[in-house]
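Undergrad: Take a look at the letters that make up each chain.
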Amino acid sequence: MLIDLLRSLLILVGAAFFLVGTLGLLRFPDAPTRIHALTKVDNLGLGLIVLGLLPGVASWPVVFKMILIWLLAIAAASLAGHLVVQAWAGSQNKETSSRDS
Amino acid sequence: MILDWLLAGALIGTAAGVLLTRDLYRSVVLFIIFGLLMALVWVRVEAPDLALAEAAIGAGLTGVLFLDALGHLNPDKAAAVRQKYRQPLLSGLAFLLALGVTGLLWMALVDSPQPGVHLPEIVDQQLLASGVEHPITAVLLSFRAYDTLLEVAVILVAVVVGLALRFSQEDQPAETQVLSPLLQKMLVWLLPLMLMVAIYLLWIGSYRSGGAFQAAAVLAAMAVLMRMSGTPIPGHSNLYLLRIGLVVGLGLFLLLGSVDLVSGGNFLAWPEGWEKASILVVEGALTFSLGMLLFSLFEASPAPKQASMTRGGGA
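For the record, the sequence lines run as chains A and B. Read in the UniProt record's numbering, the first sequence has 57 at position 57, and its numbers run on one by one without any break. Read in the UniProt record's numbering, the second sequence has 204 at position 204, and its numbers run on one by one without any break.
Treat the hints as calculated values from the structure; they're not laboratory data. All clues stand as given, with none of them false.
DSSO-like, lysine-lysine: derived pairs with alpha carbons at most 27 angstroms apart:
id, chain 1, residue 1, chain 2, residue 2
1, B, K185, A, K40
2, B, K185, A, K65
3, A, K40, A, K65
Based on the sequences and whatever the hints tell you, model everything.
TA: Set out below in structure tokens:
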């Protein structure tokens, strides 16, 4: 009973983090801050949801897979965020240099 | 139930967005979102195989190809083409046509003939004879193997034409490399994992959702990642290996499919007692070839007119 309550709480808080992350994506002014909202907040939300789902999983392989999904999502998000910001910085440099000349 | 309505609404909304938005880039991004929503719909109607294929090929790979094509488009020319379709006569005609097709589809839906046979039941009854335990794999590679064969042939022809056009052009292949030490370091971990996922998807295809097309999409994604990060792909510049790799799937499909024909049986009936082995071999070869075919479509794209850095992170 208590564990169910805890699980629901974890999943709900996780979902709330997703909501906040999406809000950040929509409201923040530029690419770096938006990526910050997406990569950090959403991955914390995903982690909480995975944590909330874990006690209900019957088999170890599934537990392992769910944790692996979370870790992969973190790795992919940080890598994608890094690449997008890099591309953004490149285009930003190009703009300023073309404005100077 | 609410979720279904939300999904349906979002699907129609994004579809309308894809068609109506003036900005081509926005249109492509909405198309990718449409593909992902479509994948969710397939999950909701309990068709995870289609969901996997839709997410990987419909949204992922097609999205990359569209983004790539977008980089090659001359903005003025694209605007001119769109301007052309804003002519009232043309758009009126298009509207009437769309209305007609919608009407026909509606009639087909309302007036659908009662099926004389219950197909899922027949598939279930014949599943044992196919040699695999998963009904969708059985349909794709045993009961309706002919369709799959032709699908692969169509993709092969498309890629051959694409490559022929590529080789006839004078400019060098596109050098769309993303230079990032982090990407290189991560790929050392990610690539083996992706290879494992591809083999896993192929292997479980015989008894669960998965199979050649899904595994091939992962393989193609691997190759695209390697290409963009500058990781050397073994045998990449060898044209003979390329040709062999592209046709080995279709070739083995035809070869094993003809064994029974030669001994007086039917075309594409797998050899007696070797059904599962044949399907696995063909699926393995198909995975490899389809992966190469999908990657070749990406590879065959010409160099961008103006080097746009923003496309780098997309893949």
